[in-house]
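J.: Here are the chains, one letter per residue:
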Amino acid sequence: MCGIVGLFLKDKSLEPQLGALLSEMLVTMTDRGPDSAGIAIYGADQNNLAKLTIQSPEPETDFAGLTDELRAAGIANASILPKSTHAVITVAADQMDATRTALAELRPNVRVMGTGNVMEIYKEVGLPKDVVERFKITDMSGTHGIGHTRMATESAVTTLGAHPFSTGSDQCLVHNGSLSNHNNLRRELSHQGIRMETENDSEVAAAYLTGEMAKGKNLGEALTSALDDLDGFFTFVVGTKSGFGVVRDPIACKPAVMAETDAYVAFGSEYRALVNLPGIEDARVWEPEPATVYFWEH
Amino acid sequence: MPVFDLATTELRDLNASLHALDKEGGNEEFEVTNPRGAHAVAVGIDAPVDVHIKGSVGYYCAGMNETAHITVHGNAGPGVAENMMSGKVVIKGDASQYAGATAHGGLLVIEGNASSRCGISMKGIDIVVKGNIGHMSAFMAQSGNLVVLGDAGDALGDSLYEARLFVRGTVKSLGADCIKKDMRPEHIEILAKLLSDAGITDVKPDEFTRYGSARQLYNFNIDNADAY
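Line order of the protein sequences matches chains A and Y.
Going letter by letter, the first sequence gives residues 788 to 1085 in my numbering.
Going letter by letter, the second sequence gives residues 340 to 567 in my numbering.
Excised from the complex, chain A in its bound form (with noise of 0.2 Å):
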C-alpha cells in the first residue's frame, strides 16, 4: 500500500515549521505502511558547502573521530553532525567526490543516505512517529519536503530499501506502486555511470529520473519522460533543490490528492495527511489527473 506525502511552501513564514507539518501528515499515514518511514527535507543554502546524510548501523563507533579523520585525508573543514543513526556531514561543494572517496574507505560500513547542498534525508525501519521523534524532524526548517511510510513489496525491510530514494545531488523521490520493468532499467542506468545501492524498484525511478535531468531535461520534461519508459504502477512525488513534482501512471490506481493555497502546494496519499494544515478549508483540493506531470518550482 505505501504512504507518501509532500509539502512545498510558497510563503516564507512557513518555513520554520516545515518539519513539523511534514511530519504530522506522514504520522497520519501511518496505516498504510509499518514497515519503514523516512522524509527529506531542503533546508537553508549554504553558499559553497555541500551535505552528505550517512546511516550507520554503529553509529558510536563510526562516526566518533571522523571528522579528524576526514580533514587528515584532505577535505579541509569537513565536519560532522550526528543524529542517532544518521549524520549530516559539511564540507566544501567541491570536495563532495573526495569525500565520498574517502568516506568509502575510512568507514565501509557507513552508507549515504544523500548528498546536496539544501537535501537531507532521514530514513529507517520503523514507524514514522519513532523515525521522527528519532531525528526531530519536527525541529527542522525549509522550502519543502517529501515523505514516505512503507508497506514492502519489492525488496527486503531495511533502512537502505526506506524511501526517498535520493541518485543525484540534491534529488529524491518517493513511490507509491511497483514498477513491472525495473530490471532492465536498472542495467540500463548502471551503464550510463548512474550509482544504485540495493534491489529496490523504486530507487531505479529515482535513477531514471536523474538520469534524465542528467541529460539537460528539467524535473518536469524527465517526468514526461518517466510515463513512457517506466511500466507498472505508479504515484511519484519528486523533489530537487527547488522543484517539487508528481506524477501517477495512466491507470492511476494508487490514490493521490493534492491542495494548494498561496502559502504551499501540499501532496497526501489521502485527504486525511492533509487535514491540518493551515487554511486547508480555503484550499483548491483536487486529485491529479493519471498520466498527468504536476511540477512547481521556486
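For the record, the hints were derived by calculation from the structure and aren't laboratory data.
Everything numeric in this text was worked out from a predicted model, so none of it was measured.
Don't take each hint at face value.
Only part of the chain A face toward chain Y is listed, based on derived beta-carbon distances under 7 Å [claimed, not checked]:
1. 1039
2. 1057
3. 1058
4. 1059
5. 1062
6. 1074
Ideal Cβ positions, reconstructed from N, Cα and C, are used throughout, including at glycine.
Guided by the hints, dock chain Y onto chain A, whose structure is given.
T.: Structure of chain Y alone, referenced to chain A:
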C-alpha cells in the same frame, strides 16, 4: 438530532448507533462533524435515516447502504457508496475512484466530478454525476444507469453488459464492445426521472447521448480461438 463529532467520538460509536436503528423506524436525522477524511463513515446502514456529513470523507463512505439518505457536504474518497443496495447518497463535492462500485440499487448523486472507474461493475444502481467522470468508468457494468452531465474519460463502458450510459458532453474513447445507441422514448423517460430525482431542472434529456453494449462479447466466437 444526534450529532457525532468525530474529533471527539470514535467512528465505531457512530456506526454502531446507525446500525442499531430500527429498520421500520421514523425519520431520524444524524449529523456528523469533523470527518477529516476518515474511512468507512456511515457504512452498512439498514434504516430510513437521514445522515448529514459536514466535511470530506475517506475510503468507502456509505458502503452497503440500504434505505438511508446520506449527504456528504465535502469530497468523498475512493469507493463511496460501494455495494449500495437502496437509498440515496449525495456528494456535494468531488468523488474519487470507483464511486458506486458493484452497487445493486439506490441513487448516487455526485455534484462535482468523479474520477476513474465510476460505476465499475454496477449491478442496478443509478448514478448521476453533474461534472465529468474519469477513465474506465462503467467497466463490466451489468445493469442500472450512469448519467454524466459533463465529459467521460477513456474506455467508457469497456466490456459492459446491460447498464445504460447517458453522457451529455464528450467521450474521450469507448471501451471494447461499448457503442453509441439511439435515444428512444423510453430512454428519454428514464433519464427525465433520474434528472428529476437528482434535483436537476436546467438540463433536458434530449441533450444526452446513450451508450450501451454491442453484445458481441457475450458468447465465445470461434474466430477468436487463436487468442487463447
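J.: Would you mind marking each hint as holding or not holding in the structure?
T.: Cross-check of the supplied hints:
A least Cβ separation of about 6 Å between residue 1039 of chain A and chain Y falls short of the 7 Å threshold, and the interface hint therefore holds. Interface hint status for residue 1057 of chain A: upheld, as the beta-carbon distance to the closest one in chain Y is roughly 6 Å, under 7 Å. Satisfaction of the interface hint for residue 1058 of chain A is found here, the shortest Cβ-Cβ separation to chain Y being roughly 4 Å, below the 7 Å cut-off. Checking residue 1059 of chain A against chain Y by beta carbon gives a least distance of about 4 Å; that is within 7 Å, so the hint holds.
The interface hint given for residue 1062 of chain A holds, since its Cβ lies 4 Å from the closest Cβ of chain Y, which is under the 7 Å cut-off. With a least beta-carbon distance of about 5 Å to chain Y, the hint placing residue 1074 of chain A at the interface is held under the 7 Å criterion.
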